[in-house]
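Colleague: Take a look at the letters that make up each chain.
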Amino acid sequence: MDVDLMLRVYPYFLQAAWVTIELSVLTTILGLTCGTLGAAARLSRFRVLRIIGATYVSLIRGTPALIQLFILYFGGPQIGIQLDAFEAGVIGLGVNIGAYMTETIRGSIIAIDKGQSEAARTVGLSKMQAMRHVILPQAMRLMIRPLGVNINALIKGTALVAAISVVELTYTAQRYIGSTYRPFEMFLLSGVLYMVIIYVTGRGVAWLDRKARIV
Amino acid sequence: MGLDFSVVPQFYDIILIGVLWTVAITVASALLSFFGGIVFAVVALYGHWSIRLPFRGFAWLFMGTPLLLQLFLIYFGLVQIGVDLPAFVAGVIGLGLHFAVYNSELIQTAIIAVDKGQMEAARTLGLSNGQALRKVVIPQAVRDVLPPIGNNMIALLKDSALVSVIGVSELTLSAQRAIGRTYRPFEFYVVAAACYYIINLGMEAVLRRIERRTALSR
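Listed in order, the protein sequences are those of chains A and B. Just so we're on the same page, this note's numbering is the position in the first sequence counted from 1, plus 1363. Just so we're on the same page, this note's numbering is the position in the second sequence counted from 1, plus 62.
Honestly, I wouldn't trust all of these hints.
Claimed, not checked - Example chain B residues on the side facing chain A (calculated, C-beta under 8 Å, incomplete): (1) G109; (2) Q142; (3) G144; (4) P148; (5) A223; (6) Y258.
Said to hold, decoys possible - Interface residues of chain B toward chain A, partial, derived using beta-carbon atoms under 8 Å: (7) V227; (8) V252; (9) N262; (10) M265; (11) V268.
In short, the hints are calculated from the structure, not lab data. Positions of the beta carbon are idealized from the N, C-alpha and C atoms, including for glycine.
Hey, can you work out the whole structure from these sequences and the hints?
Modeller: So, in structure tokens, the structure goes:
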């Protein structure tokens, strides 16, 4: 193992790790937004919204994220959407993970006992009030862990934007593999950084989960 | 430049070959990930510590890093140590090992969850430890986690698009070839997406059938 080489190139990997972190944070925000809207649509009492929600989830989850990115980044200009690689990466990945988060959020809401909403309605709350003050506070506790799993997948998923040449960790690793012919060392450098990001995020999610527990 | 799907039919043979390769690489990697997952689970649970510890490290590394990075490592790493595998084989190994690690986690918990009496009864009937594991415990454990393993295989189908970056000419790369000749990325990527969607539906139907069959024998 060529430690000298690793010491020489690691600053570039650190820089790239920041890009991966930026991508992950922005994607998480967009994903949670899409997920919330998606879940609201899927649980709506309007048929049209339910169909739109279900179609979104089915289409996104039924096709590869890489192809979705390519459609947006390379195909976008044909339908008048001009994005740079980073923007396309955030939007593509965010809309993608949003479909998975839709199911996570919807699942947590459905999992709340029906008696809760019935009881809330009985004491005179409207449907919206029951959702806001009774169901959602409980469902939010339930969804922290599974959303954490989604975010974990998302962080690893940011590697895909290397294919549209955003200079993040995987792209940097690939470039240095090409120029140094040292795949193992470069894998180790970027792998350790990925694992640090994922580990810290995981601890954060676990902390939130503990905080939100009632007992 | 507007949209024009009329150029697509000329390239149907390239797309079709891409579909076949995608199915081939998915089936091959799915099989590797299934049996690899069982082997990994047994090693992780019953292996000597000198095998188990490096194995944990390996599993940890594979679950904590992106598949795309692993594909680069396998494809270029094997060349570095003098093994020049065809891209297809490298792709199958990368996808297969990656998902084998995930399957192994599922199978491990399932093996632990199989009632202890099963193992004891098998041992009483004169089966060796290995036989009892192979013929009694593992079949039950695997059956219990078939639905989540099926989900992993669907994920595998979608991630098979990644092997296009190491040059396996599956559906994604076929689309790219057609785009190289026509400069119509939107049309061909949408067609590729539609193909993936259809393969996905077919795969879900097959998996549901397998699940129903194995559930009946309970």
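Colleague: Hey, does the B:G144 contact hint survive, CB to chain A under 8 Å?
Modeller: 12 Å, violated
Colleague: Taking the least C-beta to C-beta distance, is B:V252 closer than 8 Å to chain A?
Modeller: 6 Å, holds
Colleague: Per the CB criterion, is B:V227 less than 8 Å away from chain A?
Modeller: 6 Å, holds
Colleague: Verify the interface restraint on B:G109: the C-beta must sit less than 8 Å from at least one C-beta of chain A.
Modeller: B:G109 check fails; min Cβ-Cβ to chain A is 23 Å, beyond 8 Å.
Colleague: Verify the interface restraint on B:Y258: the C-beta must sit less than 8 Å from at least one C-beta of chain A.
Modeller: 5 Å, holds
Colleague: Let's test the interface hint: is any C-beta of chain A closer than 8 Å to that of B:V268?
Modeller: 15 Å, violated
Colleague: Does B:N262 pass the interface hint, meaning its C-beta sits closer than 8 Å to a C-beta of chain A?
Modeller: Cβ of B:N262 sits 5 Å from chain A, so the hint holds.
Colleague: Does the closest beta carbon of chain A sit nearer than 8 Å to the beta carbon of B:P148?
Modeller: 17 Å, violated
Colleague: Does the CB of B:Q142 sit less than 8 Å away from some CB of chain A?
Modeller: Check passed: Cβ of B:Q142 comes within 6 Å of chain A, closer than 8 Å.
Colleague: Go through the hint on B:M265 and say holds or violated, using the shortest Cβ distance to chain A against 8 Å.
Modeller: 10 Å, violated
Colleague: Can B:A223 be said to touch chain A, with a Cβ gap under 8 Å?
Modeller: 4 Å, holds
Hints 1, 3, 4, 10 and 11 from the list above are not met by this structure, while the remaining hints are.
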